[in-house]
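Asks: Sequence:
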Amino acid sequence: MEKYKEKVYFIGAGPGDPELITIKGQRIVKEADVIIYAGSLVPKEVIDCHKEGAEIYNSASMSLDEVIDVTVKAIKDGKKVARVHTGDPAIYGAHREQMDMLDKYGIEYEVIPGVSSFLASAAALKKEFTLPTVSQTVICTRIEGRTPVPEKESLESLAKHRASMAIFLSVHMIDKVVETLATSYPMTTPVAVVQRASWPDQKIVLATLETIEQKVKEAGINKTAQILVGDFLGDEYEKSKLYDKYFTHEYREAIKK
Numbered sequence: 001m002e003k004y005k006e007k008v009y010f011i012g013a014g015p016g017d018p019e020l021i022t023i024k025g026q027r028i029v030k031e032a033d034v035i036i037y038a039g040s041l042v043p044k045e046v047i048d049c050h051k052e053g054a055e056i057y058n059s060a061s062m063s064l065d066e067v068i069d070v071t072v073k074a075i076k077d078g079k080k081v082a083r084v085h086t087g088d089p090a091i092y093g094a095h096r097e098q099m100d101m102l103d104k105y106g107i108e109y110e111v112i113p114g115v116s117s118f119l120a121s122a123a124a125l126k127k128e129f130t131l132p133t134v135s136q137t138v139i140c141t142r143i144e145g146r147t148p149v150p151e152k153e154s155l156e157s158l159a160k161h162r163a164s165m166a167i168f169l170s171v172h173m174i175d176k177v178v179e180t181l182a183t184s185y186p187m188t189t190p191v192a193v194v195q196r197a198s199w200p201d202q203k204i205v206l207a208t209l210e211t212i213e214q215k216v217k218e219a220g221i222n223k224t225a226q227i228l229v230g231d232f233l234g235d236e237y238e239k240s241k242l243y244d245k246y247f248t249h250e251y252r253e254a255i256k257k
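Heads up: the sequence shown is residues 1 to 257, going by UniProt numbering.
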């Protein structure tokens with residue numbers, strides 16, 4: 001199989017703020033001869049640093065085959081390709097299918113991780129998913145819609161853990177989300193909806209499981225939003241042992257009481 005000079009870089013562009021792309025990701029964008037970016041979710045400002053003469057494609061209007069055709073042609077012509085995805089490509093990024101197709105052509109690729117929207121949402125709220133005695137588990141999931149969810153991963157079954165939860169791609173079905181979560185979470189459980197986390201027009205709605213549906217509808221939020229659920233959004237927790245002066249670990253001796 002032919003050995004090509006260049007390779008494809010799958011880049012996590014981050015949640016929206018152009019400064020939340022990694023240094024490495026931005027460097028590749030600057031160097032790339034061909035950039036294919038998910039224009040429906042990645043702001044143009046993220047790739048505005050491209051070099052003069054770079055070919056720019058918006059994958060929002062392209063099919064998988066069209067993306068691969070552009071990519072393969074560029075690599076065969078000795079060009080460096082930046083495939084720019086929103087957030088981190090490993091979470092609802094649909095980059096696995098692209099990589100599998102590139103394998104068939106013997107084209108090399110590299111993945112550069114990015115900041116996922118569920119992390120940007122926690123940052124916007126100034127909250128921590130993993131609070132001692134509250135939750136040490138984060139569940140990233142979605143409710144079933146046009147894309148099915150494996151039965152063993154249904155939102156109802158995952159809700160039984162009552163862990164910190166980040167629900168993607170589901171705000172347009174907020175009524176169904178609330179109904180399903182209520183099978184395990186108390187109706188007093190704090191809920192936050194963050195639309196377009198880190199964008200200039202970011203919008204935050206804070207409520208409980210009982211009131212979130214109405215508040216989301218009043219705010220006019222029906223897409224591009226994270227639903228965060230769990231007691232980590234509250235204010236009751238125990239402090240970490242990591243910085244406890246009475247707790248000994250590898251780097252510090254405890255002070256005796």
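Rather than coming from a laboratory, the hints here were simulated on the basis of the structure.
Fair warning: this is a prediction, and the values are worked out from it, not measured in the lab.
One or more hints might be untrue.
[To be verified] The calculated label-pair distances, taken between Cβ atoms and stated as ranges, are:
(1) Leu206 x Glu19: 21 to 29 Å
(2) Glu236 x Glu31: 22 to 30 Å
(3) Pro150 x Pro200: 30 to 38 Å
(4) Met62 x His161: 36 to 44 Å
[What the hints assert, rightly or not] The list that follows gives simulated cross-link-like pairs (lysine-lysine, DSBU-like), each with its CA atoms no further than 35 Å apart:
(5) Lys126 x Lys3
(6) Lys7 x Lys44
(7) Lys5 x Lys51
(8) Lys203 x Lys126
(9) Lys24 x Lys104
Note that beta-carbon positions come from the ideal geometry of N, C-alpha and C, so glycine has one too.
Asks: What hint numbers does the structure not satisfy?
Replies: 2, 5
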